[in-house]
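Protein chains in written order, with this note's numbering: chain A, 1 to 141; chain B, 142 to 220; chain C, 221 to 848.
Keep in mind that the hints are not guaranteed to be accurate.
Here's a subset of chain A near chain C, in silico, CB distances under 10 Å, partners left out [claimed, not checked]: (1) 75; (2) 79; (3) 89.
Since the hints were derived computationally from the structure, they do not count as laboratory data.
By construction, the Cβ of each residue, glycine as well, lies at the ideal position given by its N, Cα and C atoms.
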Amino acid sequence: MAHTITESCIGCTLCQKVCPVFAVTGELKERHTVNAVRCVDCGVCGRICAKGAVLDSGGKATERVARKEWGKPYIDEALCSACLICVDACGLNCLKISRPTYQGDINACAYLADSKACVGCGICADACPLRCIRVRKAGTA
Amino acid sequence: MVKLVYHGELRHVVGVAEEDIDADTIKDVFRHISDTYGKEACGMAKSGLVALNEKRVTGVSVRIPAGSVVGFYSFCSGG
Amino acid sequence: MRLPNYAYIDLSTGTVKDYPISKELFTQYMGGKILGAKLLYDLLPAGTDPLAPESIVIINTGPANGTGAPSSSRFNMSFKNVLTGGIASANCGGRFGVMMKKAGYDGIILAGKAPILSAIEIVDGAISIRDASAYAGMDSEETQEQWVRHWGKLVIGPAGENLVRYACAVSGERVAGRCGAGAVLGAKNIKAIAAYGTQKAEVQNREKFDPYVKKWVKFLKSHPMTGKSLPLYGTAGLVSSANASGVLPTRNFQKGRFEHHRHISGETFAEQHLTRNSGCVSCPIRCERRVMVNGKEVKGAEFETVGLFGSNIENHDLAWINEINYHADLLGMDTISLAGTLAFAMELQEKGMADLGVSFGDKDNLLDVIEKIARREGIYGDLANGSKWLAEKYGGTEFAIHAKGLELAAYEPRNSVGMGLGYATSNRGGCHLNGGYLALLESIGVLTLDKHTPKGKPELCVMFQNLMEAVSAAGFCLFTTHTAVPAGLFKLGSMHRMTKFVSKALIGSRFLLRPLWWCLPWLLPVNLMHLIPHSKAYGLMTGQRMTAGKFLQIGERGFNIERMFNLREGLTAVDDALPTRLTDVPQEADVPESVVPLAAMLPRYYKVRGWDKNGVPKPRKLKQLGVR
């Protein structure tokens with residue numbers, strides 16, 4: 001299944017910019033399209049669209065959500081093994097592994113290095129084999 | 142006299158890189174480490190690789206000739 | 221059951237078609253190097269030149285890739301060995317394999333030769349070939365930069381383009397190193413393969429798989445090797461124990477101890493050169509070294525490189541070793557064969573048998589030399605052919621340190637004779653991993669099996685060769701096998717009587733290990749987390765009924781199909797050999813048993829394998845394994 005973009009699209013390119021798997025293409029002021037094979041139904045394109053031009057995989061129109069309401073990944077440091085799967089899965093390069101704090105420090109953990117670029121897609125949480133990432137809004141459980 | 146040379150994590154635990162002591166056997170060396178630096182340090186020394194004059198030692202009762210160097214290294218694996 | 225999706229790419233015509241993998245092939249041969257060997261056996265006529273357009277190159281993944289299992293990013297290249305003429309497999313921890321799988325393909329089979337230097341792109345289930353002639357001569361880093369960050373890439377450097385016989389292929393900063401993996405791609409005019417997609421790896425039983433993965437990761441992180449030594453010291457941590465055990469190759473394997481070993485040890489590395497440790501994607505072990513070279517943080521050297529570019533050429537400058545390691549990766553050359561060939565050339569120089577411009581203890585010109593080797597300039601074109609070729613031209617066969625033509629790794633086997641047997645019988649040539657890695661039990665590890673006795677070594681060698689075959693083919697890193705040595709033994713120490721008892725018992729177990737191979741699946745109908753955690757994970761991810769016994773049997777099958785390939789190519793028992801320096805000349809003059817007693821071990825090895833006295837698998841063994 002995949003999201004789709006209707007003719008209501010005005011080609012603002014915002015969805016293209018936020019798609020974490022680079023599945024949206026299109027020229028400025030022209031209707032954009034979603035690569036159906038690549039789309040992972042994260043819903044980020046639907047959240048940013050101001051024109052209601054995005055349909056989810058069930059064909060239902062998505063609703064805009066203010067960016068400040070988007071969730072961010074929270075990583076349980078006690079469980080994280082720093083295996084790099086989430087870092088690798090993040091197409092927008094938002095996650096990093098912590099650096100050692102002293103010589104001989106082998107404790108490491110993934111963390112959100114670029115919160116601004118993060119679109120809260122949840123791909124990292126989905127990919128984490130230890131289930132130690134949860135995407136939620138700041139200030140919520 | 143026998144020189145003890147510590148490497149890796151054990152060096153951090155005992156706090157010195159090397160020291161000279163009196164010891165006749167490897168067992169004496171372990172006793173020195175236990176008495177001076179504690180059980181944790183001794184456990185680390187025993188669980189690592191011990192080399193007498195750069196050759197791996199296989200038993201605690203091995204006699205140490207005077208002027209020898211006993212080195213403590215970590216085991217590793219790899220490929 | 222989901223069957224693997226393979227594509228057959230004819231580079232001469234530019235056509236791509238599906239190559240179905242049957243359920244029988246999948247369940248019998250798993251994936252990775254074992255399925256690769258079987259496909260190569262079926263598709264490649266005997267006698268084909270490895271670098272000819274008719275040759276076949278298979279790049280494939282294992283079922284574990286992309287599932288989230290620990291240390292599961294390893295992918296494989298199977299091809300005809302440029303150095304030995306037999307089978308080749310080259311394994312790599314870079315992210316290309318997982319990305320190719322995400323792009324919809326578990327494996328690709330390359331045939332023919334592209335008319336111009338080309339790149340293959342595998343994107344969202346579609347494969348295309350495009351012009352890459354603008355990338356000619358680019359190093360591996362620059363080549364990979366031609367695609368955006370999130371794509372997975374597998375590329376060659378100038379060495380692969382110039383068909384250096386030990387050229388490698390590079391994915392990220394990790395390498396499919398051995399046997400000429402880069403040369404076979406270069407011979408097909410393939411500069412790069414790039415992949416991107418978002419398909420998820422299928423796991424049949426998620427409900428049980430996820431908690432098993434958590435348990436396994438916890439186990440890895442709690443073990444002294446995988447949870448402490450490897451992340452602290454990397455494989456470079458082996459230098460100290462190798463030296464103390466007399467297996468650190470020094471001066472082209474003339475000796476097994478190096479006076480200045482402390483300068484190049486893992487401990488010194490960690491104290492003076494390491495910026496941090498890191499790892500392959502999916503790995504909680506994180507043994508990778510990161511270092512600064514010319515102001516840039518790059519991947520640091522592994523043990524083989526430290527030993528072979530260090531003690532083996534009598535150099536103790538570790539910063540330089542990291543520098544040449546980086547440059548070898550940029551140029552795209554296997555550091556083991558490169559350094560091994562250089563050491564041989566140094567000894568030829570010393571003995572006045574050849575003037576190849578390199579000498580022991582003199583590293584100043586070597587960065588320049590390896591550039592020239594990569595470009596096959598002048599006399600350095602000879603060095604690009606490896607030590608076996610050099611010995612045929614200049615002499616010195618007795619100290620050309622290779623087996624079947626593949627240079628040996630950094631374990632001097634005269635003080636670890638099971639390792640010697642492994643080198644001689646490894647199907648791809650002088651490989652310590654395909655050879656079973658008995659050094660872990662005999663010399664560099666906590667166990668202290670008698671390192672000179674031939675007793676028990678054939679049986680243990682077969683056991684570990686089969687295990688490692690299966691682990692690699694499934695897509696896991698071999699370091700996940702190191703937890704088979706119980707953590708408790710490390711706590712007790714190598715001098716404790718329990719550890720010594722286990723060491724002796726392993727030698728004694730040889731009487732049980734031989735019949736084991738005839739009744740594996742029913743003898744080991746269980747999964748053993750603390751010995752072979754892979755088999756249960758494999759069963760849960762594929763939905764197949766899998767046990768430790770079945771898993772090992774697949775490994776045995778893989779080793780035998782590789783052997784059959786070699787025999788068909790004309791490699792016989794005569795090639796299960798080592799240079800006479802290692803079999804006839806004691807490493808230590810006062811220790812006459814410090815030689816590899818290969819002649820004493822081989823007959824027993826063949827028997828345990830179910831092969832005849834000429835090292836040919838008997839019909840009964842092939843029938844048992846279902847190998848045709």
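Point to revise | When the least beta-carbon distance from residue 75 of chain A to chain C is tested against 10 Å, hint result | key: violated, 15 Å
Practice item. Report holds or violated for the interface hint on residue 79 of chain A, using the least CB-CB distance to chain C and a cut-off of 10 Å. Key: holds, 8 Å
Review point. For the hint on residue 89 of chain A, does the least C-beta distance to chain C fall short of 10 Å?
Key: holds, 9 Å
Violated hint: 1 only; the structure is consistent with all others.
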